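There are 2 protein chains.
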Amino acid sequence: MEPSHEPTERTRVRRKPSRGSYEREVIDEILDRALICHVGFVDDGQPYVTPTIHARHGDTLYLHGSPSSRTLTALAGGAPCCITATLVDELVLARSARQHSLNYRSVMVLGNAREVTDPDEKQLAMRAVVDHIVPGRSDHVRGPDEKEAETTRIVALPIDEASAKLREGPPVDKREDHELPFWAGRLPLTVAPGTPIPEPELHGAEIPDHVRNWRRDSTV
Amino acid sequence: MEPSHEPTERTRVRRKPSRGSYEREVIDEILDRALICHVGFVDDGQPYVTPTIHARHGDTLYLHGSPSSRTLTALAGGAPCCITATLVDELVLARSARQHSLNYRSVMVLGNAREVTDPDEKQLAMRAVVDHIVPGRSDHVRGPDEKEAETTRIVALPIDEASAKLREGPPVDKREDHELPFWAGRLPLTVAPGTPIPEPELHGAEIPDHVRNWRRDSTV
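Quick mapping for you: the protein sequence lines, in order, are chains B and D.
Mapping the first sequence onto our numbering, position 25 (from 1) lands on 25, and the numbers just tick up by one.
The number in our numbering is simply the position in the second sequence, starting from 1, with 220 added.
Just chain B, with the same shape it has in the complex (with noise of 0.2 angstroms):
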């Protein structure tokens, strides 16, 4: 098991601080459940929130995309960012409006992130990203050559500044709700794969196992 951070500042959960965790294993988990994150960095003051593919590779959060995204382009640059990435689970339907909410698992993790120019990582953090999509898909598809590689951006983040946060369990309504004549409780939420759909001109490829078996378990 990994050894859980100790919280800074920025990362402690304020609000309701029995929903936070900085075990690495929680946070590991959700980051590599959750098939996209947003990234989040300021420009002049404004944030900007993007959303993009991660992959998680030990210790090390990768982002990639073309040179000239601005996103990638300001974490190049050292620029501090946030990725935060989000199951959800359940909606959790209360008697009382006000008790609505939702049961989720999020990651925040902060930090500068430095551009990966060494070939081997480049190879290794665009395999991951694959393998972040499609488990095991990494293994069935040309690689990128140097050129492709040139021409993708990497960047890295290491998980050392980052925090989970999660509700579990059903709606919390007051006691004297319990007699309204309201439906309450939860709907689980998965995602559900449908029916692959093949490109034209396929070589002898029937759909891989890999594809046939995609699951997120049961979140979004």
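These aren't lab readings, by the way, just hints derived from the structure by calculation.
Predicted model only: the values in this text are computed from it and were never measured.
Each hint can be trusted.
Once the Cα atoms are required to be at most 25 angstroms apart in a straight line, the calculated SDA-like pairs of lysine to any residue come out as:
| hint | chain 1 | residue 1 | chain 2 | residue 2 |
| --- | --- | --- | --- | --- |
| 1 | B | LYS147 | D | ASP397 |
| 2 | B | LYS147 | B | ALA74 |
| 3 | B | LYS16 | D | GLY297 |
| 4 | D | LYS394 | B | GLU150 |
| 5 | B | LYS16 | D | ASP365 |
| 6 | D | LYS236 | B | SER68 |
| 7 | D | LYS342 | B | PHE182 |
Label-pair distances were calculated between CB atoms; the ranges are:
| hint | chain 1 | residue 1 | chain 2 | residue 2 | range |
| --- | --- | --- | --- | --- | --- |
| 8 | B | PRO17 | D | ASP264 | 19 to 27 angstroms |
| 9 | B | THR195 | D | ARG387 | 18 to 26 angstroms |
| 10 | B | SER68 | D | GLY356 | 38 to 46 angstroms |
Cβ-to-Cβ under 8 angstroms is the rule here; a few derived chain D residues that face chain B:
| hint | residue |
| --- | --- |
| 11 | GLY260 |
| 12 | VAL262 |
| 13 | SER288 |
| 14 | CYS301 |
| 15 | SER316 |
| 16 | ALA317 |
| 17 | MET346 |
| 18 | ARG362 |
| 19 | GLY363 |
| 20 | GLU368 |
| 21 | PRO390 |
| 22 | LEU422 |
| 23 | TRP434 |
Note that beta-carbon positions come from the ideal geometry of N, C-alpha and C, so glycine has one too.
Assemble chain D onto chain B, guided by the hints.
Below, chain D alone, put in the same frame as chain B:
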């Protein structure tokens, strides 16, 4: 149809401008379908990105939460913010690692929020939040009483400076990669509701239609 926005220097989609849209119809649909959004704000030069439930009413985006929430406190104070909502529609699996992608739709709204203090607007916003999670549900719950409304902080952001960005369609492999023996195609994703988990002590309440028929179409 709503008039389209003119993009500002801050919302114009620079990378792959063909993926950008400034049509209110497109923007509103994404905002309405996304269960949650990610809110970015800046504190002491550091960006923070937090997930939260939002609701659109006309030209306004509402967020709600505790008066002690750090995010809402910053937004209520007029700090510049960015609210981003994202739907993931399909995994895009190419023959080459580099061409892997996601089909997605996202909206970014920039601006300065205001705190909602008018009791009627607060009621409207709290109602909108319940109906955002489960359309039609606000008629089947106890609405917020005066104390609950007072102890809920609501902030409103006008949908003035906003842009959508999306990817759709198949993977785009290089011509010479079409000969490779790898499977390529798309995997559509849907949010599938599971079996509702009712609270104990319900008083004559069957699972209502708005819960039984809950759908979010073909998107995460």
